[in-house]
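Those protein sequence lines, which keep their order, are chains A and B.
Here the first sequence is numbered in the working numbering, starting from 1 and rising by one per residue.
Here the second sequence is numbered in the working numbering, starting from 1 and rising by one per residue.
Bear in mind the hints are in silico, worked out from the structure with no lab data behind them.
Errors might be hidden in some of the hints.
Which copy is meant is left open, because identical chains are indistinguishable; a pair holds if it fits in one copy or across any two.
Claimed, not checked - No farther apart than 27 Å at their CA atoms in a straight line, the calculated lysine-lysine pairs in the BS3-like style are these:
(1) 149 / 335
(2) 329 / 153
(3) 149 / 329
(4) 335 / 284
(5) 335 / 286
(6) 149 / 396
(7) 153 / 396
(8) 335 / 396
(9) 244 / 430
(10) 329 / 284
(11) 153 / 284
(12) 244 / 396
(13) 329 / 244
(14) 284 / 244
(15) 335 / 430
Computed from a prediction, not measured in an experiment: that's the story for all the values here.
Residues per chain, in single letters:
2 protein chains.
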Amino acid sequence: MTHSIAWANHSLPDFFSSFLIATVPDAAPGAESASSSLVLAAVLLTLIVIYAASKIGAEICTRINLPAVLGELVGGVVVGISALHLIVFPEGGFEAADSLVISFLQLTANISSTTATAVFQSESEVISVLAELGVVILLFEVGLESDLKELLKVGPQATVVAVVGVAAPFIAGTLGLVALFGVPLIPAIFAGAALTATSIGITSRVLTELGKLNTTEGQIILGAAVLDDVLGIIVLAVVAGLAKTGEIEIGNVVYLIVSAAVFLIGAILVGRLLNPYFVVLINKMKTRGELLLTSLVFAFILSYIGGAIRLEAILGSFAAGLVLAETEKQEDLQKQLSPIADMLVPIFFVTVGAKTDLGVLNPTNPVNQEGLILAIFLIIIAIIGKLITGLTVFGKPGINRLAVGIGMIPRGEVGLVFVSVGAASGTLNKATEAAIIMMVIVTTFVAPPLLRLVFQDKPQAIGEVETKS
Amino acid sequence: MTHSIAWANHSLPDFFSSFLIATVPDAAPGAESASSSLVLAAVLLTLIVIYAASKIGAEICTRINLPAVLGELVGGVVVGISALHLIVFPEGGFEAADSLVISFLQLTANISSTTATAVFQSESEVISVLAELGVVILLFEVGLESDLKELLKVGPQATVVAVVGVAAPFIAGTLGLVALFGVPLIPAIFAGAALTATSIGITSRVLTELGKLNTTEGQIILGAAVLDDVLGIIVLAVVAGLAKTGEIEIGNVVYLIVSAAVFLIGAILVGRLLNPYFVVLINKMKTRGELLLTSLVFAFILSYIGGAIRLEAILGSFAAGLVLAETEKQEDLQKQLSPIADMLVPIFFVTVGAKTDLGVLNPTNPVNQEGLILAIFLIIIAIIGKLITGLTVFGKPGINRLAVGIGMIPRGEVGLVFVSVGAASGTLNKATEAAIIMMVIVTTFVAPPLLRLVFQDKPQAIGEVETKS
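Produce the entire structure from the sequences given, and follow the hints as far as they go.
Dropping the structure here:
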């Protein structure tokens with residue numbers, strides 16, 4: 001049997017694409033598309049930059065007695081949009097040509113600028129998801145290292161800290177902007193809302209680094225940061241609804257509160273119920289990675305639900321960690337999770353740094369000059385509004401109230417989300433936007449060293465420094 | 001100062017996008033785009049499916065005395081394009097609506113089909129890159145577990161095995177198709193080229209699983225599989241050039257041979273030179289993850305170079321593993337890499353399975369009936385052509401020649417690349433394409449259990465079963 005007719009049936013474009021693929025051979029799956037191995041190359045290059053930046057930053061900071069996470073954030077700033085432009089993202093209005101990593105790839109792999117644009121898009125998607133997976137894993141690890149019973153014990157205190165830490169800066173910020181600076185109500189409310197955030201990522205990472213996660217202060221901060229996250233989602237929904245319709249959508253607010261409560265309580269109750277079966281299942285498994293993959297499936301299911309009901313993926317992985325911390329597998333799992341966290345978590349902190357635009361601190365820009373006074377006001381409110389939460393802690397004599405307050409200060413990535421939502425809504429003018437970003441930057445970068453300082457001030461903390469893995 | 005003019009300056013689309021973001025709030029970076037948290041959700045869901053498929057498959061296979069990797073491949077087939085359609089990829093001509101994972105996300109997160117298409121694209125990109133990272137990590141781990149000196153000792157034998165394993169099936173396959181079946185020369189050459197492949201991923205994974213990586217047989221197979229990979233890249237370039245211009249591009253061939261030699265030898269020489277500084281650097285570092293991240297940077301740099309010079313990323317990570325295996329950090333690094341491999345490697349094997357189209361085995365399709373006789377011929381050549389390589393091993397009395405031959409049989413993901421390049425070139429008709437895919441499937445799925453069998457036949461192997469991590 002011959003197929004002479006079919007063989008003649010090929011077209012020129014097919015030949016061209018065949019050539020394209022053949023010049024970039026690749027044995028991995030997905031090699032059907034020419035750009036697959038290029039995307040991998042771009043991702044590898046970006047990870048090299050991220051790891052180098054994170055390690056250099058962390059090592060320098062550790063040597064001058066600052067927390068490693070600050071070094072990772074600063075390392076991110078150095079390689080990001082504010083300085084070297086090695087790592088930039090399309091959401092920031094950047095193009096492939098703006099990214100030094102993509103330009104380097106273009107140079108070494110000899111690709112067209114159209115291909116470079118496609119690779120830039122895909123690479124950014126992949127790095128963003130890896131960063132988000134990083135913070136999912138971080139919160140899973142934090143949950144795993146926490147003691148649910150201890151956390152529930154400080155629940156009332158954490159709730160008061162969270163509520164005061166949201167209400168005080170929001171009210172003071174919004175009213176202050178309207179009364180003192182004549183800012184219209186809606187943008188003032190947006191700025192006030194941005195003041196409510198607490199970066200659960202930065203806070204929990206610093207606490208882990210200092211070995212203070214399982215102190216009473218640490219558990220109050222952690223519990224309050226988690227609740228703050230939930231409250232932040234509600235505030236964001238309310239503010240965005242206000243900007244859109246001028247009204248507060250009560251139904252939406254009630255939905256978020258109920259679903260958050262049902263989700264967090266339900267995940268923990270159901271998880272505790274399933275715990276014994278989980279251990280039995282793992283003990284019956286015979287192949288490599290049985291504990292890790294089963295745990296990740298559990299964590300990812302809760303993360304998915306957390307995301308799907310419009311809460312957050314990290315709340316799911318945190319709950320999963322809390323539940324699995326109560327099993328006999330806790331120690332083993334923690335050991336196995338540690339290298340994965342080492343690999344993925346820095347991607348998160350470096351990209352947070354890389355996306356931070358220090359350009360708002362440039363005093364030669366008139367917009368920034370205009371925003372500077374607003375920024376100073378916002379920074380003062382941001383710090384005082386969270387510091388006073390330490391004073392609300394009741395029934396815990398001898399507690400380090402300053403540490404609790406400082407632990408709530410960093411706005412980090414959560415603050416940046418508020419800024420981007422505000423900017424997208426069109427209700428923020430440039431000066432106010434710049435002022436909010438300045439507030440986020442200052443609180444994010446000032447809190448980790450301060451937290452280290454106040455924890456080291458306490459006599460019992462002396463000698464407790466970060467341990468090498 | 002008031003900003004009444006600026007505040008009025010917002011448009012409806014902005015409001016809409018603000019609402020979109022606000023209803024899917026997310027504290028992670030990249031939250032600027034509405035789809036970011038949706039992409040994360042889709043990736044989480046896909047990973048849940050992948051891990052479940054890999055573990056269920058592996059556990060079943062282990063219980064019926066088959067290699068775990070076969071279970072991961074079959075698990076992938078079950079959730080992939082051949083059966084459940086949970087995991088499909090756009091390259092296979094599938095759309096968002098074809099993916100059950102995306103449909104489920106659409107249902108639970110209430111998103112439009114336009115958004116679903118975008119999420120499907122991004123999710124597929126991310127999973128493909130994670131799979132490729134998985135095989136990069138797998139080869140890094142394999143290199144780390146190998147002994148460079150042992151590998152070099154069996155170098156001559158591995159070279160002969162690789163060359164014979166490429167030449168014999170290529171010549172027999174091409175000539176047979178032309179002489180016995182009247183297939184025109186160019187498509188016959190493509191089919192012959194597909195016969196030359198050896199899946200380094202499957203081969204090395206099975207050897208590791210059986211604890212046979214560091215036997216003489218294991219090192220010969222590994223060395224030959226690596227060389228086969230390089231030869232395969234050259235064959236692919238030659239064949240693609242032939243299909244395009246009808247001529248063999250000698251310059252291109254020489255470039256690939258020289259660059260492969262320079263790269264592999266250079267990486268190992270330079271790596272050995274830098275080894276002492278690597279250890280000193282790591283010992284000086286004080287922050288968590290210092291060994292892992294420094295090693296990953298080294299592996300990723302070599303992987304990037306491997307990809308950039310049109311070889312392969314996995315050759316770079318394998319070389320990096322070989323070099324670091326000679327340092328005193330080898331054992332520590334292996335321990336830390338193990339959970340990362342547990343997490344990423346199954347993504348590779350499950351997606352290879354998911355992309356395998358068992359539809360070519362459907363006997364009711366006339367194209368398949370037409371291809372069946374071709375397929376039987378190709379499968380016979382594919383198996384015999386590699387089996388005879390075991391007979392070429394010289395100077396190693398008492399060696400298990402059958403094991404060496406069987407170790408070279410699986411075509412796996414490398415075979416699929418040849419198929420896709422052939423299909424894209426337009427020179428393959430449907431029946432021949434189906435026949436090649438059948439050959440790839442049979443060799444891929446038959447080799448792991450056979451390899452286990454022949455290794456277990458030898459008395460010294462009794463009692464050596466897969467160890468739990």
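Verification of the hints:
1. Only within a single protomer do residue 149 and residue 335 lie at most 27 Å apart by alpha-carbon distance; the minimum there is 22 Å, versus 32 Å between protomers.
2. For the identical chains of this complex, residue 329 and residue 153 are intra-copy neighbours only, at 23 Å inside a copy versus 43 Å across copies, given an alpha-carbon limit of 27 Å.
3. For a Cα distance limit of 27 Å, the shortest separation of residue 149 from residue 329 inside one copy, 17 Å, qualifies, whereas the shortest one across copies, 39 Å, does not.
4. For the homomeric pair residue 335 and residue 284, the shortest alpha-carbon distances inside one copy (20 Å) and between copies (23 Å) are both at most 27 Å.
5. In this homomeric assembly, residue 335 and residue 286 come within 27 Å of each other (Cα to Cα) both inside a single copy, at 19 Å, and across copies, at 19 Å.
6. For the identical chains of this complex, residue 149 and residue 396 are intra-copy neighbours only, at 16 Å inside a copy versus 63 Å across copies, given an alpha-carbon limit of 27 Å.
7. For the homomeric pair residue 153 and residue 396, the shortest alpha-carbon distance inside one copy (11 Å) is at most 27 Å, but the shortest distance between copies (68 Å) is not.
8. Neither within a single protomer nor between protomers do residue 335 and residue 396 lie at most 27 Å apart by alpha-carbon distance, with minima of 32 Å and 42 Å respectively.
9. For the homomeric pair residue 244 and residue 430, the shortest alpha-carbon distance inside one copy (19 Å) is at most 27 Å, but the shortest distance between copies (55 Å) is not.
10. Proximity of residue 329 and residue 284 under a CA criterion of 27 Å is satisfied intra-copy only: 14 Å inside one chain copy versus 33 Å between copies.
11. Neither within a single protomer nor between protomers do residue 153 and residue 284 lie at most 27 Å apart by alpha-carbon distance, with minima of 35 Å and 41 Å respectively.
12. In the homo-oligomer, the alpha carbons of residue 244 and residue 396 never lie at most 27 Å apart, since the shortest distance is 43 Å inside one protomer and 78 Å across protomers.
13. Neither within a single protomer nor between protomers do residue 329 and residue 244 lie at most 27 Å apart by alpha-carbon distance, with minima of 48 Å and 58 Å respectively.
14. When the C-alpha separation of residue 284 and residue 244 is checked against a cutoff of 27 Å, the pair qualifies neither within a copy, at 54 Å, nor between copies, at 55 Å.
15. Proximity of residue 335 and residue 430 under a CA criterion of 27 Å is satisfied in neither setting, with 47 Å inside one chain copy and 51 Å between copies.
Checked against the numbered hints given earlier, this structure breaks hints 8, 11, 12, 13, 14, 15; the rest are met.
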